[in-house]
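Enquirer: If you want the building blocks of each chain, they are given just below.
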Amino acid sequence: MLSAPLPSVEETRANQSFDALLNALSRPGQIRTLPTAGEGSIVDALLDRECRVFCADPTLLPQVLETGAMIAELPDADLVFFGPVQDAEALLSVAQGSDLYPDDGATVVVRAPLNVGSKLRLTGPGIEFHHDIKIAGLPTGFWHMRQELIRYPMGFDLFFVDGDQVLGIPRSTKVEEL
Amino acid sequence: MSLSTLTKDWEPMSYGFLDPSAKREIRRKMLKAVAVPGCQMPYASREVPMARGWGTGGLQVSLTLINPETTVKVIDQGADDSVNAASIRRFLARVSGAPTTLDTLDADLIQSRHRIPEEKLREDQVLVLQVPNPEPLRPVQPNMSIARQMHADADYGRMWLQLYEQIVRSGRVMQGASYPSMVNGRHVMTPSPIPRWDVPKLHMAKHLTILSAGREKRIHAVPPFTRVEPLVFDDVPYKVEEHGDLTCVRSGAKGFFMNEIPQGDGSSTYEISDSEFGVKSIKQTEGTDTIFGETWYKNGEMS
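Residue numbers (the numbering used here), protein chains in the order written: chain A, 1 to 178; chain B, 1001 to 1303.
Nothing false has been slipped in among the hints.
Straight-line Cα separation of at most 25 Å, PhoX-like style, residue types lysine-lysine; simulated pairs:
hint, chain 1, residue 1, chain 2, residue 2
1, B, Lys1298, B, Lys1239
2, A, Lys174, B, Lys1206
3, B, Lys1206, A, Lys134
4, B, Lys1283, B, Lys1298
5, B, Lys1254, B, Lys1239
6, A, Lys174, A, Lys119
Calculated from the structure, these hints are not laboratory results. Quick caveat: nothing in here was measured; it's all calculated off a predicted structure.
Whole structure, please, built from the sequences with the hints as guidance.
Expert: Okay, structure coming up:
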């Protein structure tokens, strides 16, 4: 009998990171824990040379480059790392895919403080009735802009990262500002 | 940046068989599939040491999710002990070191061929279904480019026409397995060939379901608490198989999905399809302490 292989440190980290992301996206609004603080473990779990990435955060850029991913302009990027979002207009040129290929819509990672700030009510798949969350640090008009842009099934999926905490809001979720 | 930071240490084999780049690709596609419930997302579908069409899609998803703490259960048409289930379970354990179980309640990850266990799945469990044909429109539109356009337009009229023709010809809906179902009110999916009995189990379920077709290279998902509505006419309600009053000859379990076993004299006996539930029922009759989970169906009725 062969002995079972042991996961490497990178594999364990990527696996935990993806577990957090998958759970966060399938249950929008529920906060999950990443193995390390910041977007680093998301980069490890998802990025390689097949991806086009937009990275607005210069501190994250070296790690993104190390994965071999192609740096792209915002409209061409599959994955977008905004860091903190300053202006809701930034969402305007995020890739949304098409009705034929909704999977071309981007996955957008934003750094924002969770559990503080303005209150939002989420409804949609993954939520039994409704789920209330708090996110701070987003520009005014961010949620309005998202709602205006997304024509389901086209759209983009959001992850909010605060330290090692992550919260997902897929395009299927309806966000109501309270 | 130096060569040592760009390379990894030598390993005799990638953990969980798939190489890291294959896993990353499946991860990205799984996130997209969860974001658009019921929509088929294309993916690369790597080679695994099993023939396409024998669960390679489900296997790749399982291999991506697995870690040494994941308890795995694999079933094939409800049975834990069929050749397909046993070999996939052994492979998963061998390449990941993950513990395996037969008990639905103990499992974290359940890979299944064409059945959903009779005991309710919890929030922390993931169900991976193996899908032979992910395209519900194929019987009405063999050209997959046109079928993709029909999905984009939510143009599902022909699906109803197909059901209507079955009712006109045979007096009832003949679709036994892979009953076309509307997910989140937008995409029609095929829930893999699970029997009609199992489709209501996906509606507003607590668990995440991932459906993966390895040969067809497509992945779709049903997140928890998502509407899954079988296509029906207002005046012809959805009907599950009439197994509610059948009793298993081996275990005495009643009111669950059964396998029909034809007898020499032309009659039939029945045994429960969810083999581990049957084993539990036998153990209980023999007086062993057994823990049953809550079941989706109670006394043959969906609760």
